[in-house]
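S.K.: Could you put together the complete structure from these sequences and hints?
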Amino acid sequence: MSGHCVHVIRVISFLLLFKSSFCLYEDQIGKFDWRQRFIGKLKFSVLDSKSNVKKIFVATEENVVAALSMKTGELTWRQVLEKGPQGEIKFMHADSEVITVSGNGPFIVRGWNLANGYSHFEWNSFNDADEPHENVLWTYHHGKLYKVVMLDSQQVARIISYNVRSGGQLAAYTVNIPGFSRKCKAIGINLVCLSNNGELKGVTVVNSQFFNLDVSAETKGANCDLLSVDSSSDLPVLAIGCKQSKLLVAIKDNTFKALSETVPISAGVSVTQHVSGTHLIVLSKQIDGVIKVNGKVLETDQPVEDIQSSFQSSSPFSDIETSNSLCTLRRDRSVYCQILLSTVDHSIIFAQTSSKIMWTREEALANIISVELVDLPVSDIEAAIEKEFDNKEAPVDIGVPSGFVGMFLRRLTSQLLQLKSLLLTVVSLGESVEKNGLEVDLVRDEFGLHKLIVAVTSVGKLYGIDNLSGNVVWQKYLGEMETYKSIDKPVVSFYVQRTSRHLPYPAQCFILGKHKASDESMVYTFNPINGQPIGDGLHRLGYRAVQSLLLHFVDDQFLKGVLLLDSKGGLHVHPESQTALVSEHAKSIFFFTANSESGLLVGYTLAHSSLEKLVASEVWRIQLSHKITGLMSKSPLERVHSQGRVLGDRSVLYKYINPNLVAVMTQAEDPIHKNVLSIYLIDVVSGSIVFSIVHKRATEPIHLVHSENWIVYTYFSDKSRRTEIGALELYEGKTQSNTSAFSSVASFDSPIVERQAFILPAGIEAMKETITEKGITSKHILVGLNSGGILEIPWMFLDPRRPLGDIREEGVIPYMPELPLPAESIINYNQTLHRVRAIHTAPSGLESTCLVFIYGLDLFYTRVAPSKTFDVLKEDFDYLLITAVLVGLSVAAYATKRLAQRKALKQAWK
Amino acid sequence: MASSGSRSNNRRYKWALDFNYKSKQERSVDVPSPPGYNPALGQVYTETSKESDPNHLIIKKSWDLALGPLKQVSSFKMIEGSHSASQKFVYFLGNILSVGLALFKCQSMGLLPSHTSDWLAFVEPQIRMEYSGGGLLLT
Amino acid sequence: MFNSVMNREKCIFVTLFSYLFIIGFVQCSESDYDGPMSITLYHALNLDSEPHWESRGHMTVQNAASGYVTSHQSPLDVESTRRLKVLSDKDSFYRLKAVVKTSQGREVNFLTFVKACALVESQLKDYLTVSVDHEGSVVGVSQSTALSSCASAATEKLPSNFLTTVEFKPIEQGPVPDTASYIQKLEREREARERGETKDNRSFLAKYWMYIIPIVLFVVLSGASNPEGAGPAR
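Chains as they are written, first to last, in the working numbering: chain A, 19 to 928; chain B, 50 to 188; chain C, 376 to 609.
Do not rely on the hints blindly, as some may be mistaken.
Straight-line Cα separation of at most 25 Å, BS3-like style, residue types lysine-lysine; simulated pairs [what the hints assert, rightly or not]:
{"id": "1", "chain 1": "A", "residue 1": "Lys503", "chain 2": "A", "residue 2": "Lys275"}
{"id": "2", "chain 1": "A", "residue 1": "Lys503", "chain 2": "A", "residue 2": "Lys534"}
{"id": "3", "chain 1": "A", "residue 1": "Lys605", "chain 2": "C", "residue 2": "Lys465"}
{"id": "4", "chain 1": "A", "residue 1": "Lys737", "chain 2": "C", "residue 2": "Lys560"}
{"id": "5", "chain 1": "A", "residue 1": "Lys631", "chain 2": "C", "residue 2": "Lys465"}
{"id": "6", "chain 1": "C", "residue 1": "Lys476", "chain 2": "A", "residue 2": "Lys645"}
{"id": "7", "chain 1": "A", "residue 1": "Lys586", "chain 2": "A", "residue 2": "Lys631"}
{"id": "8", "chain 1": "A", "residue 1": "Lys645", "chain 2": "A", "residue 2": "Lys507"}
{"id": "9", "chain 1": "A", "residue 1": "Lys586", "chain 2": "A", "residue 2": "Lys605"}
{"id": "10", "chain 1": "A", "residue 1": "Lys494", "chain 2": "A", "residue 2": "Lys438"}
{"id": "11", "chain 1": "A", "residue 1": "Lys275", "chain 2": "A", "residue 2": "Lys314"}
{"id": "12", "chain 1": "A", "residue 1": "Lys374", "chain 2": "A", "residue 2": "Lys61"}
{"id": "13", "chain 1": "A", "residue 1": "Lys275", "chain 2": "A", "residue 2": "Lys201"}
{"id": "14", "chain 1": "A", "residue 1": "Lys494", "chain 2": "A", "residue 2": "Lys303"}
{"id": "15", "chain 1": "A", "residue 1": "Lys605", "chain 2": "C", "residue 2": "Lys460"}
Pulled from the structure, derived: some chain A residues nowhere near chain C, Cβ distances all over 12 Å [unchecked claim]:
{"id": "16", "residue": "Gly91"}
{"id": "17", "residue": "Glu152"}
{"id": "18", "residue": "Lys201"}
{"id": "19", "residue": "Ile283"}
{"id": "20", "residue": "Ser439"}
{"id": "21", "residue": "Glu464"}
{"id": "22", "residue": "Tyr561"}
{"id": "23", "residue": "Val564"}
{"id": "24", "residue": "Leu599"}
{"id": "25", "residue": "His659"}
{"id": "26", "residue": "Phe776"}
{"id": "27", "residue": "Leu837"}
{"id": "28", "residue": "Asp896"}
{"id": "29", "residue": "Ala910"}
Calculated directly from the structure, the hints in this document are not laboratory data.
Please read all numbers here as calculations on a predicted model, not as lab measurements.
Quick reminder that beta carbons are idealized off the backbone N, C-alpha and C, glycines included.
M.R.: And the structure:
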């Protein structure tokens, strides 16, 4: 009977799938989701003082041009240019419109409207054949854009001036600069070069007037660089940055004017207009996490007391990289400055002297590289109850009476607390709406929907973000640590060693990175709830780890160890105290490394370890003949509920669920077939290639999802000029060789592989499957489209068993080559997301619901329910009605009972 | 219970026979009616009973049939006497047969969970024997 | 449905006696896998972390495309057999190294392993799967045994020779969106519909006479019987 029930449910769900979409109702917008938009690390900035609504125009390392509101720091407008070097912003200028030069070959000159960022003009500037792409400088003066091409073979600078709006070439001439050493900057109308012997040479691009300054006394033969200094005045200023300090040099009337004293190299310098034609130099420096600002008049060297101030916030600031300032004279002739600072941890800070920090933007979040969703700890009340049960092992607290009286008292207090919280929730039920805006406690909720997003960024800054509100709860900059690289992408090993469920012990996370100054690896162990270090905190390992593995068992403190393989083949466990424990499990632990360049995969066993020393010995070796461009293993959290699939004849096709299966992609340049994409499914325990498949003329972007018993991958087909999705599904057959256990070493039959390909009429940026706690809910695939949408495709649509002819089995949709792109399946509705880097999915406490965090230039958080929310009441569930009905019925029952009693009594008296 | 039902049936049947007598009475109109007897009432009664009686019987019989299996439930204990052993056996056999028939029907309709697919939801996931990890070399 | 099993190249050779060459034949082949290639096998029978390689055998793939493989494997001597049994008793791994030398003279090392006990229980009957990529170069060699699990039944006698089956596993062609057959299917459906439509051009009566006639009959009959039934009622 139950089998048929399952069938019926399956059929119904299948029908539902067709009938209903996954879309949001209008009033649900922003209820479960939030979006945050970022711009990236600051590159150029202009403080706008003219407009009514004051803005800051910025251009960033992420190829973004934007205007920020000076008041709040929010984006007024943002334009995202091309990805990579094609969109690299080389120059920005803002007066009547924002002018940017971007690109790396043909340069694209664009003009943007100040108020709304609309494009005003756009033209290309092509380089001549002999002109290098890298040494091109740009400057703007009075409606003319100057392009300075440094031809170092001839010691010549070619200067071309354009009409900035039309792109028409106005003039072109060359300037001889003998002895220049590629260290040149174009500032205002000047081209300034620093020669190796410590001579500063300047030439005006307008009329080729030369001027020199000998700075060899300052540079002292050291390797110094020319640095630009942001200036909100007409005075061009630059700095000669050496090891410790930098020397400021202003250009006035075609002469250099060096400042009397140098400033520390880590100080942010900016120049701004001051009274009666003088200029102010604003210096800002980070000392012990506090930003100190002071300033002096450039012409007179006189310090300006008014702007001396210091800023601090809850988390310490890091070193300042660039600064820009705008100073204004008040009526009482006192000066105040607005300062825009960008720090080495990619924050953008906007402050006002003699006041406070106006706002901070955490632009490191534009470059998240790894994410975990961490369970929050239980509330204090529940913790008290847990403590009660935990009492046996913990030593009895002094002061708390032990024995049954003490236990009784503790129980009483904890239950009183519970009662209090219950009453509070009942009381606050009516006013919950008002409470919404306030900071919510970081406490685990009933359904496990409230979690903390712990994000690691490429700059080495960590963030704890509340998943419901999107607020940054904590942040931590690991200055000494930098990320590893793997296939040209920044990576770190990031694990949750202990969750919040083991009460006296706090949750613990682990990050493996590289030490900036040396070759050694660094580890940071911390509490993900507050970012505070646990144990050694940030420390160096003394060796260079090349791969890591989170162990599957916990020690007596519920901590999972991390195995680290060093570059010399040695094996370590972190924490070291787990060595003996690991050697107990050694027989079942296998480990592999893959070299993306050489295509070599090596598998290790720990079986030869002893109680004192862990040994990784090589047991298998696979030599792929091409470069590995992707590697995807299954999520360790994944659980598969259904072990097979029901066929039309009611027999079962058992899934091949190999937890040790890893999909490896290689890409080869082939003279005949152009780009060849191969996918190998490798069992990383036994080292056998379970299955391999090749696609010819398949190019980037390639994405792969590996889950349960299937693999879904996308590629761009050069032949058909379209994005295609391949799907592979692995089955053991109609019987299971071993029903109770899965051993990679013991299995020898290769699985049956079903395969199919589909067309997706869109470009793909990222792909990920949904995951739920018990794996009962059906799987959907989230696809980040290059149009900025996140498409949710039911896996059923990508099922390789979709039949072309009649429906052979229950729950399969007839094959259609092209996948539909319904607008209702875009889970981020109109919230466009730029440059999606990855999609992170995590199970919630509800089986139906999967939490989704999408990161890239923008952040987006939402939750999806692939099989609908079957385990929660509808949002609009009428609690009032059901309560009223229940109460009414109870009252009626009671009343009739009384009436009946009375009647019976009367009858008896008759 | 079954016996009491059939008895009442018999009585009704007897009563139905009385109806003939009534038509005889109709013929001899000269005999005065007993006190309190209203022939009109009787007429109406006969009229309705004449029409509904077979229907009523059919319904009654059908009900008996329908309730048969329910009534049987407790009748097993009632089998007594010298032949009770064989009777019980026959009764048992009959029940087995009917259960078998029911099963066969269910089976032919595909209602029985006799396929492995019907128990798929209860298949436990395989226990993992080896644990693996690692990935691309970190450089 | 199970075509993946079908289109696998198989090349089986068996060494029953030492120094005996047996020639196997490769069935269906489509890979451009040509030129002679030699595979030298070494195995490690020691318990230590560092393997101590000893020669096990040698095989030459004359031309995998045409399908000739020759091999010879040296028999296990008494000492090796004893050590293999020790490995098996200690539940350790039997490690195998395959050195593949291509026709261009490039040497590539491959490592693989099985549980020693499984090899012992399989009576030294094992399989070597040679995975080949789209260019015909070997990317992996993996060993498996006839019996995959160890029942820990003590085997007294071991044959002195390996009985090896070599299987070539080429990379398979990736699927492409099956637009052609889908269009055909649509075409068929359209044709069927059109054919259906031409037939349906008959009149309403012609199409549904089989339903109409019984209804009419029923109405007529019930109408005819009605006056008779109504008569006595009046």
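S.K.: Under the constraints set out in the numbered hints, which ones does this structure not fulfil?
M.R.: Checked against the structure, the hints that fail are numbers 1, 10, 26, 27, while the rest are satisfied.
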